[in-house]
Amino acid sequence: MGLCARTIFSMLAAPNKASTFHKKGYYFMQTNVLPISSAIEKKLEAMNITLPPSVLPAANYVPYTISGNLVHISGQLPMKDGKPQDIGKVGKEFTIEQAQQTARQCGINILSHLKAACGGNLDRVKKCVRLGVFVNSTESFTDQPKVANGVSDMMVEILGEAGKHARFAVGVSQLPFGVAVEVDGTFEIE
Amino acid sequence: MGLCARTIFSMLAAPNKASTFHKKGYYFMQTNVLPISSAIEKKLEAMNITLPPSVLPAANYVPYTISGNLVHISGQLPMKDGKPQDIGKVGKEFTIEQAQQTARQCGINILSHLKAACGGNLDRVKKCVRLGVFVNSTESFTDQPKVANGVSDMMVEILGEAGKHARFAVGVSQLPFGVAVEVDGTFEIE
Amino acid sequence: MGLCARTIFSMLAAPNKASTFHKKGYYFMQTNVLPISSAIEKKLEAMNITLPPSVLPAANYVPYTISGNLVHISGQLPMKDGKPQDIGKVGKEFTIEQAQQTARQCGINILSHLKAACGGNLDRVKKCVRLGVFVNSTESFTDQPKVANGVSDMMVEILGEAGKHARFAVGVSQLPFGVAVEVDGTFEIE
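Chains as they are written, first to last, in the numbering used here: chain A, 2 to 191; chain B, 2 to 191; chain C, 2 to 191.
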């Protein structure tokens with residue numbers, strides 16, 4: 002029982018169905034079907050970043066929608082191995098520097114879904130259009146832009162000029178699971 | 002005094018003018034000029050949901066704008082009969098289950114404006130692109146995603162696969178009139 | 002040493018490079034290369050509003066991105082002469098009326114970047130699609146919509162019908178530098 006080109010193509014076109022294939026006994030990792038030549042994949046490797054798989058939420062929303070040439074990514078938390086990290090408020094439990102890493106982790110999760118939206122090929126990303134950065138802040142913490150730089154810097158490191166985006170950064174009183182940062186985003190793809 | 006086809010057409014094309022017609026003595030309800038065949042209207046009826054009329058805010062903004070094939074809906078509160086409902090914070094005045102109903106009510110108000118944006122025909126909705134869910138949260142409440150499921154579930158119940166959207170869910174310290182939830186949204190129409 | 006048409010054109014096309022020209026000794030103000038006939042510029046003048054220059058942030062994001070015919074403007078603070086104004090919470094340090102002026106100042110900064118995105122010609126603006134209004138609120142302040150009217154009114158004063166937008170207005174616990182209001186926006190241009 003082999004995987005024909007059509008099957009691999011359909012996995013590329015609808016990567017979220019990979020888990021179905023998985024259940025059927027095709028133990029192909031999503032990364033195995035990636036174009037080898039991806040410039041962005043090489044950059045991720047050089048930066049020692051491994052994108053987690055794009056997993057469907059267990060609820061009636063999806064990690065991303067595509068409308069025209071825009072991909073809208075759901076608000077991402079600093080999840081790692083399926084568990085929320087960095088629980089606490091910036092200005093109390095976390096310093097700016099720590100929260101920048103949290104924001105960066107949200108960005109990595111954004112990229113994992115973006116990759117799925119691109120059928121596995123991040124080179125199809127034309128532009129990071131905008132990011133929305135929500136920082137779980139104490140009453141007196143006002144350095145949300147510095148925290149947001151954690152994800153902004155990563156986007157530009159990885160996508161270059163195409164990573165320069167419009168953004169907002171605001172302080173909120175609480176976030177899902179109590180995490181320190183949540184980031185959503187919109188990207189243009191081709 | 003009759004309503005010619007042109008008049009009905011202009012009511013469909015600009016449903017917000019319906020109130021003007023109303024004032025002139027045309028006691029046509031907006032729902033009377035709907036396509037009878039609407040699958041979504043039937044689903045709403047089966048779910049016992051009556052969409053309120055899409056009323057213009059008494060300020061310099063509008064309930065929705067259309068740009069290309071995207072409809073952007075203003076942040077909706079849990080209004081009922083023109084009055085804000087569910088005033089208080091989730092985690093204190095409201096439980097998750099109660100707040101889910103509040104989120105659902107925001108979604109119903111979103112659909113009422115979306116219907117107006119579609120000239121009365123919700124079957125023109127191609128996709129719920131994204132929802133932004135703001136939950137009026139106590140300092141310790143971190144179940145914003147569960148609250149957001151109240152509106153996410155409704156979108157999928159009513160729109161099916163087309164209702165699956167990207168979203169963010171965040172906790173905020175206060176909302177207009179003190180309501181528990183505010184939701185805005187973007188939809189693709191044809 | 003004169004400014005040839007090509008140079009002026011490139012300044013119009015990439016107004017953020019104006020500062021480079023400035024450094025090279027071309028003491029041209031951005032406003033000097035504007036189309037004289039701009040209806041919106043005349044309105045701004047009549048309203049005694051001077052748009053500040055569109056300055057690139059000192060970080061890895063940009064004041065605006067353009068995707069298709071949409072301009073996405075980064076969250077704007079009530080900056081004046083490069084300094085944040087109106088630091089404090091609405092409901093404590095600021096009244097509604099004061100915060101409306103703050104929101105308006107955010108809007109002026111939005112317009113300055115929008116003008117740059119339009120190559121200097123605000124008459125290219127077709128529509129204000131949506132505004133996101135974040136109000137730094139005390140626990141008990143619930144008049145975010147009234148605060149948001151400060152920027153909504155200005156958009157309609159300046160852009161007329163094209164200024165009528167979808168919006169959300171929410172209360173947040175803190176904003177960058179502690180300012181009272183932050184506003185982001187999306188515009189359709191031609």
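Hints are computed from structural coordinates only; laboratory data are not their basis. Note that this is a predicted model, so its numbers are computed, not measured. There may be inaccurate statements among the hints.
One copy or two, either will do: identical chains are not told apart, so a pair holds if it fits within one copy or between any two.
Below, simulated DSS-like cross-link-like pairs (lysine-lysine); rule was C-alpha separation at most 27 Å, straight line [said to hold, decoys possible]: (1) Lys44 / Lys93; (2) Lys43 / Lys93; (3) Lys127 / Lys93; (4) Lys44 / Lys165; (5) Lys165 / Lys127; (6) Lys84 / Lys127; (7) Lys165 / Lys93; (8) Lys165 / Lys147; (9) Lys81 / Lys43; (10) Lys81 / Lys93; (11) Lys147 / Lys81.
Status of the hints after comparison with the structure:
1. Lys44 / Lys93: neither (34 Å within a copy, 47 Å between copies)
2. Lys43 / Lys93: For Lys43 and Lys93, the Cα distance exceeds 27 Å both inside one copy (37 Å) and across copies (49 Å).
3. Lys127 / Lys93: neither (38 Å within a copy, 44 Å between copies)
4. Lys44 / Lys165: Answer is within: at 17 Å inside a copy they meet the 27 Å cutoff, but 32 Å across does not.
5. Lys165 / Lys127: Intra 11 Å, inter 24 Å, cutoff 27 Å: intra and inter.
6. Lys84 / Lys127: Close neither inside one copy (30 Å) nor across copies (33 Å); limit 27 Å.
7. Lys165 / Lys93: Neither. Shortest intra-copy (30 Å) and inter-copy (36 Å) distances fail the 27 Å Cα cut-off.
8. Lys165 / Lys147: within (16 Å within a copy, 33 Å between copies)
9. Lys81 / Lys43: within (22 Å within a copy, 43 Å between copies)
10. Lys81 / Lys93: Within one copy only: 22 Å inside, 30 Å across.
11. Lys147 / Lys81: Both: 22 Å inside a copy, 20 Å across copies.
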